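Novice: Following the hints, position chains W, X and U against chain D.
Protein chains in written order, with my numbering: chain D, 1 to 294; chain W, 1 to 254; chain X, 1 to 312; chain U, 1 to 311.
Using C-beta positions, here's what the derived DEER-type ranges look like:
hint, chain 1, residue 1, chain 2, residue 2, range
1, U, 253, X, 289, 32 to 38 Å
2, D, 6, U, 267, 56 to 62 Å
3, U, 106, X, 258, 51 to 57 Å
4, D, 52, W, 172, 17 to 23 Å
5, D, 28, U, 115, 17 to 23 Å
Treat the hints as calculated values from the structure; they're not laboratory data.
Because the structure is a prediction, the values reported are computed rather than measured.
Every residue, glycine too, gets a C-beta built ideally from N, C-alpha and C.
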Amino acid sequence: MNKPQGEVFDIGYQPYEGAREGRNAARKALLIDGMRTALGMGRGLTAKILPGLLFLALLIPALVFIIIASVVGQTGIDDLPGVADYYQGAIYPVLIFSAIIAPELLTTDRRNGVLSLYLVRPITSSDYIIGRWLAFFLLSLIVVWVPQLLLYIGVNLGSTDAWEYLRDNWDDIPRFLLAGAALALFTTTLPLAAAAFTDRRAIAAALVIGIWVIALAVGNALSDGIGGTAGAWLALIDIGSTPLHINDMIFNQASDGPGRAAEEVPKAVRIGWYLILVAVPAAFLYMKYRKVSA
Amino acid sequence: MMGRNMMGKSMMAGFIKDPVLHISLKQLSGPRRMTIVTLLAIIPVVITSVIVGVNGGVPDEFAAPIFGRMFVAAILPIVVMALATAAFGNELEDKTLSYLVLKPVSRLRLVLPKYAVTVLMTGPLLVVSGVVVALVAYDADARTATAVAVGIAVGVVTYSSIFMWMGLVTTKALGFALFYVFLWEGLLSEFLSGIRFLSVRAYTVSIMHGIEDINLAELDELSIRLPVAAVGAGIVTVLFFYLTVRRLRRMDVP
Amino acid sequence: MTDRDANGTPTIRVDSVSKWFGNVVAVNDVSLEIRPGITGLLGPNGAGKTTLLHMINGLSAPSEGEITVLGEPVRNNPGIYNRLGVMAEHEAVYGFFTGRAFVEFSARLYGLNDVPAMVDKAIKAVNMADAQNRPLGEYSRGMRQRMRLAASMVHDPEVMLLDEPLSGTDPRQRIEFSELLAELAKDGRTIVVSSHILEEVETLADSILLMISGKLAAAGDYRAIRAKLDERPYTVSVGCSEPRRMAAALVGLDEVDSVTVDAEGRVIVLSKNVSVLQLAVPKLAQDAGIRLERVEPLDDSLESVFGYLVDA
Amino acid sequence: MAELLQAAGLSKHYGSTVALDSVDFAVPSGITGLLGPNGAGKSTAIKLFLGLLEPTGGQALVMGEEPYSLPAARSRLGYMPEHDCLPSAITASEFLTHMARVSGLPAADARTRAADTLRHVGLDEERYRSIGEYSTGMKQRVKLAQAIVHDPVMVFLDEPTAGLDPMGREEMLDLIRRIGTDFGISALVSTHLMGDVERTCDEILVIDAGRVTHQGAVKGFTEETQTMYIEVDDRRDQLVAALADRGIEANGDGHGPLLIENLSDDGFDAIRDALVASGAPLRRLAPGRAQLSDIFKASGTERESGMSNGQ
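The following block holds chain D by itself, in its conformation from the complex:
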């Protein structure tokens, strides 16, 4: 009868012999963590309410339009907002979504001191800020593209001859993807820059929404009050609708949305203005995080 066997295993501390991936693994981790933070995943219920609500605010219009399209059939489709006009309305919830959620990615790390733990990792502060920026940019792309795709598919299925509709309007897809990307680029960089400016999320959100609302009011007040080419140029003050100028150019249509007032300003200037409004906050963000210390 063999002796009863017994063994004690060493569950003590073991040195780590596994692989050590370099900075890309760290950037990927920051990206994934950034997206999870923005969506409040892994953080209990309360953190999910705001992102959830805002996400719904974007999906519902698309779903409603689809239902209308399927009910009212071919005839009603023309008065539905086409792909070219979707962003005229969608910009408001997207900007609010970004203004409230984006600062969360930067302010909390600074306020609770986790940033100093990142800086003692084998990454540089620019890895950190690029990881966080990419996280919110990807999220914004989803937030901007998904409703459009739903709308496009819905309208497509709703039309009598799906193939024929697709053949005529296939070029809409790359256009609204590009226009969406332009919008996402804008609504990602501005709020993140505001988050680098102040430690408190609420102040950063108030700052972005404040700037946008006041710019809208001042821009319109001036362009209505004065009108003509001078009024058109002054309409550029309404920076909130800058991405819509890009959208109108991509679909080269006369816009009837908020971008209408600045129509007479030459295309090159409007594109230049858009690029400035993305590059300046991006530069400010990059510089602010380059020299941040633990």
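Specialist: Relative to chain D, chains W, X and U alone:
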């Protein structure tokens, strides 16, 4: 006469050198806060001068959008809110309030300088901005300028008292203040006309309209009679001032 | 300095005080008296020390019970602060002040008439004269704590309530700090110091108050408290020329509970009646002709007292 | 193998303030205590080794590499800051897994390693509650865990027992001791509490006014002195008289302990007999012991540089 003058002067000297007034001035005059506040105050002046410069005059419907909606409904409350909620709000958040409370100074003599600094730092700025807009828009009509000045002054005095109290009651004072201004005074007063009797915006506009109702005729749709507005503003100011002192006496200071 | 209550009538009286936040009871029916001299307020994290101090200094109101300092109530009575100096547990300061300006600010709020002289005296007392004109923001934690102490005693108060005054100070600063407090206590002041660093409180405090999860677990001289913990036998280590024979002799005593000889040849004796043991050890050594080299109590330190009470 | 930590003519100036004045030292493996008055340059030294600050002169080397110019060198270092640095909304296991990933561990290893590390620092089922609800003691453990989850060679601990009550402090000191011994991770512990150093460190390194003033084994600084201390609970004067009869001169102020200098061997018997004769109850008879804090008492006036010793 001499005695009263002396007492007045020593009170004034005491007031100027009052340590609480001194630190409140230092706390609230942070560069970032001041630039935001001054920028906001300048916006209506820029808009009016550009419009008058280009068109040579203001469109007929001007008083309501500039004074009614932009100035009184948005800029004035936001500017006052930015400072008034911070009067005690900063002390609460930075945990420095205990330095004031643990001193042999009556709670009234702590609240008074804080209130004075808030009014002094927002009042003149906004009154000047309002007067300039009035003078530019209505070719230097003194009566309109006075109406706007008095109205804004009352608005500042009343809002300061409410938002100072809010800053002491909750750390999220800024949020509640925004809610009060844009929902209670903004949205609801459009539908429920009764709210006019309880909204600082209505008091401000009514006082402006009460003093001068030709150029500012468009402001009548939100107005109540001048004496009612003045008394209402007075009551609200004193009430929230008292509530602040009472709160400071009874609260647990962090 | 006004005259002191010579016979040490209690300066601070806490009468069945409780404090709760919702259903969290931070302080649970505590009654105590604090007399002139230095009293150490001790207890594990979350035991209610800060909450109790906040009620004694008037910053927060008890949910139940009364507190008086120098016979007066501390709530709604700002006048009390003429005779009471407080240093709260947080370390926030006004960033825009220099060290001296901060103490002057305090002095003016206390309504002192000779501000510059009193400020100089306070700053010299905390040995911060050379750093006084630098902004507080540039100070190290230890320097900030000392300036905050200067600000809280610039009006020469009779009672001082200090919450974790030693946190962030380095050894040298702590030594100076203890000397300063001992000096202040000499002229009859009542000083309450709350701290986690037992080694410091042991040398500093005349008596201690020990709080455990909201209740007052012990009060008074910690050695007297140790004696009262009679369910905990004393442990004494005896180093001598012949440990085995010494152990044999000791085991013969009725008051001795147990005797062991440790690896280094020391005789470890446990006994509930320490005074008998204190006389017996030299006597037994003399009778047996053993050279007595070392006798050390192993658990009469404040730390052991603290440990026993917390585990109890 | 290159030294674990080496400072070669290392100096750091902030404008006119000299935080470190071309210091040379090497930190061996094991647990080393880093001591020095506030603002003496301790935090600066740690930040230079972590590559967070650029040296004004000389080099800060970790196993021969310079972390400032080579961030990858930081993958073998751990840092437990003194200030709060933990998120409050997520659980410890999620936070630690994320930190392991950012330290370069692949996802699977990160998860298992995080779980192990939390067990080693003594966090069991609380690891699945959000960190905001943790006690100070538990938070200090998580702070320590994130410093060792990626199995560093050297970990910097800045005031690890700050804010802990005596119980928590005891447990943290045991944990630090285990890190140096069982886990085989060397540690540089910057602290103000002499008790911590005496209980955990093998070596100490004292920095004062930007220069290294003492370095060596802790034992060297705390040996026993020649003076003999006697404490009695009663009949102190009778004891002094009895000692004098036996030719032993005892001095001591007021009611404090009695001190006897350079005692001869048979002097012990004289003390024993004096105790019996005077009937004084003996509380303590022991040689005096040098204390680490004596380093600070002796080393001249305090010099508070303008540097704040925090971040």
